[in-house]
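We have chain A; now place chains B and C onto it with these hints.
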Amino acid sequence: MGVTVGELAKSLGLAYRGDATAVVNHAASLAEAGPGSLTFLANSRYRRHLADTQATLVVLEESLAGECPTNALIAPNPHLAYAHALALVMPRHRPPPHVHDSAVVDETAYLGERVHVGAQAYIGPDCHIEDDVEIGPGCVLMRGVMVRRGARLVARVTICDGSVIGESSVLQPGAVIGAEGFGFAQDNGQWIKVPQVGRVVIGAHAEVGANTTIDCGAIGDTVIGDGVKIDNLVQVGHNCRIGDHSIMVACSGVAGSTEIGRHCAIGGMSAIAGHIRLVDGVQVTGMGQVTKSLTEPGVYSSGTGVEPNRQWRRSVARFHQLDDMAKRLRELEKRLRELDGDRDAEGP
Amino acid sequence: MGVTVGELAKSLGLAYRGDATAVVNHAASLAEAGPGSLTFLANSRYRRHLADTQATLVVLEESLAGECPTNALIAPNPHLAYAHALALVMPRHRPPPHVHDSAVVDETAYLGERVHVGAQAYIGPDCHIEDDVEIGPGCVLMRGVMVRRGARLVARVTICDGSVIGESSVLQPGAVIGAEGFGFAQDNGQWIKVPQVGRVVIGAHAEVGANTTIDCGAIGDTVIGDGVKIDNLVQVGHNCRIGDHSIMVACSGVAGSTEIGRHCAIGGMSAIAGHIRLVDGVQVTGMGQVTKSLTEPGVYSSGTGVEPNRQWRRSVARFHQLDDMAKRLRELEKRLRELDGDRDAEGP
Amino acid sequence: MGVTVGELAKSLGLAYRGDATAVVNHAASLAEAGPGSLTFLANSRYRRHLADTQATLVVLEESLAGECPTNALIAPNPHLAYAHALALVMPRHRPPPHVHDSAVVDETAYLGERVHVGAQAYIGPDCHIEDDVEIGPGCVLMRGVMVRRGARLVARVTICDGSVIGESSVLQPGAVIGAEGFGFAQDNGQWIKVPQVGRVVIGAHAEVGANTTIDCGAIGDTVIGDGVKIDNLVQVGHNCRIGDHSIMVACSGVAGSTEIGRHCAIGGMSAIAGHIRLVDGVQVTGMGQVTKSLTEPGVYSSGTGVEPNRQWRRSVARFHQLDDMAKRLRELEKRLRELDGDRDAEGP
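Protein chains in written order, with the working numbering: chain A, 5 to 352; chain B, 5 to 352; chain C, 5 to 352.
The shape of chain A in the complex, shown without the other chains (with noise of 0.2 Å):
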């Protein structure tokens, strides 16, 4: 079992240095790794370890292949050269093409060629899952759900009625793809649920994260593009729409009705109002707070940072004097301006 480098190199089409028949077989990190192990070096930070370690094959840039102690694999892009080469060297385990004993499928869904159903999962009437599909043990497809081709479920996802999930798209455990979104009208103080009688339609080569939730469209659909990667723990709601090859970190939030440009980045914990608009290449750092539609591409951050407790309790007591600082500001230069016009009338 493993891999040489000389097939790596082949594989990839990339240049190596050193020993093509040395075999690598698992992946580990410049620091910890050993005899058989694929590394890579792509983050300058951790070029203090390219010295001593002890891996097999490090792939790398070519300007640094001269301080590699052992094999090297020579790529203008280290860290994706390495994806490939791990996807050869420890190939992810596909479940077999066969819907297991305890899996539920209505008699009205359609499973096309090679689909995996897990155990005690359940596909749903009027379903359509096409050719290589995976549904790992637990998943839930209610009623009409369509799974194209070679997408992922890795197990105990949950698919509302009449979602689309595109081609190769992974979904990881305790996803939620299409629940009924939050549109209540207000009745008298009371909140009367409006039928959300949209869809969620995800496009090809997503992913969606752990316990991560993506609510149905209340009118038309939500509607994820493609390449779209969003990471655990994070909400989308009604009627987004989430632009191509964009991503979402973990426990962020957008509220209904937004559109996200392509290539936008939203970092971890930032929440995003509703009924906005980000254009294409918007990114926001952690814990950005954005009320408003950003127009111009560029990084926007939030928040005040943090700092030792007994100043910040200061801090904050100061930020609600805020305006009231300002305004004294003010006045003291202009308090100042007429003293200096009052030097000036006394001439020097």
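Worth flagging that the hints you see were computed from the coordinates, not collected in a lab.
Certain hints may be false.
Since copy identity is lost for identical chains, a pair holds within one copy or between any two.
Said to hold, decoys possible - Taking lysine-lysine and the DSBU-like style, the derived pairs with C-alpha atoms no more than 35 Å apart in a straight line are:
hint: 1; residue 1: LYS338; residue 2: LYS296
hint: 2; residue 1: LYS14; residue 2: LYS331
hint: 3; residue 1: LYS14; residue 2: LYS296
hint: 4; residue 1: LYS197; residue 2: LYS14
hint: 5; residue 1: LYS296; residue 2: LYS197
Chains B and C in isolation, oriented as in the chain A frame:
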């Protein structure tokens, strides 16, 4: 299939304009509506779409009926009337009143009339399920759970020992009701579990969102009032009490033993500290940081908003200097008063 | 049923005052207690309820025993003693040591003695379940999962390939252990999945809250120490290390490769950045925004607190002007020094 304008007007007790025999069979937004569409206009920002809508029926206020190019249903609260109309036009699919073969119902559990239990569900010992309850696929009800008449557990909901779900309440997939609260006693630097022996009691017509968690009481109960609507990924700590008709938006959390009044609204990603009290009618906007009781109704807010990252870095640095800045400002004011005093003493 | 005051005192090795034969059979708060109630007083703010309590037994400090109108159990740490006493008075119901008919256990899995496997659970290939483990209804254990002696998976917990759950640890419903971390490499604007080949290793006597997610390592393991208590809806990213006896409160999150020391406490809704280190004994209060390593123990805080919305709007506007305000303040100080200099030059 479909419902006529006349039937809707009659059912809802509302006036209409136009063709009573026109039929609607689905919902769409004002801008995307077409033949057969039911839509509504409740937010003035969408008024510009009214003149060109292709909808068959628009629910709107009387004052706008003159601008409506198609059939109109006249309602003082168009959003509410739309909710009621849509429930008639697109009635929710009700699963059949029977227990799926793959479900497991403990022999000591009681099931009322017309109860639906979905595939792969589990109902444990001494559970009591009243009439017309729907328990969707993959739900887990542990010991002694009470589900009152007409409640609906969409799918894969977990309810722990002894919790009570109120009449006609709705629980979205992944919700966990009655898990053991976060109660530990210190023992020389180690945390020892304190048994959590209370329940969760949820009132009538409440809603709990996908993957939301409501912990059981440590002593006594965690209580969710009638008509309370809780969005996705919300945390409610042990022994909290949430007053009737309050709402909590996605990703918010409230720590243990806090009491939230009636008709409150907690914005998304807000954090409410433990052991405090919010009076009736408090609204907290998104990302609110509530560390102390709020004793007056009103709208409260927190956070710094968002700004370009470069500027934010400077703002944060200054935030940490705020107390110093405030003191220097006061010193300047004092010096200037002294200067003025000197000048006054000098005379003009 | 019930336990006498004398039995509790003897079992816990504590002194008591009052009637050794009095029986307690449930727990209640000091204010709501009645005949048969066990209660405790550990927080001085509840002392006012002591004189009127109807409890049968109060656990409290010796100094307060004189004020206690009923039987008293004297403990240096009343909360801890209450926890131990309650575990005797209301012992947790243990499910029977057998595998439910509806559970699926792969033929290659090993089950120790007295293991409980609940309804609709699934235990996959090569899992190793030690003695006295409880696996509740609806749990999913994928491939090669190790669950050590006496651990308890309450219900519907998902554990992915190869993860290890420590002795006597408790996992609440909906927890997802070992999902694939959020690791992607950039490829011309697209995100390519990096195989996540590490595990999650959870120590002994740890607790993981409902719907909490702990990702597997990208390379190497994500490690949760002994006695770590993690609340609901918490995210722990790939390759994090959380030191022994630390706690993370609900809705907090820690990004990948961060190391949190021993005896730390991370407040609710806090966000800890990736690739940093918090030393032993760090406490972060609720909504902490930790973007850099914390190298000294102590209490740290973030956020602006809450204020009325109208005032907050002004505070936020000023926050964005803070750097400008600071510069103007400095300028004023300089001008005033010059004025003073002029005055000094002029003489009195």
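Going through the hints against the structure:
no., hint, result
1, LYS338 with LYS296, "within (34 Å within a copy, 38 Å between copies)"
2, LYS14 with LYS331, "neither (68 Å within a copy, 59 Å between copies)"
3, LYS14 with LYS296, "neither (50 Å within a copy, 41 Å between copies)"
4, LYS197 with LYS14, "between (59 Å within a copy, 21 Å between copies)"
5, LYS296 with LYS197, "both (27 Å within a copy, 32 Å between copies)"
Going down the numbered hints, you'll see the structure goes against 2 and 3, while the others check out.
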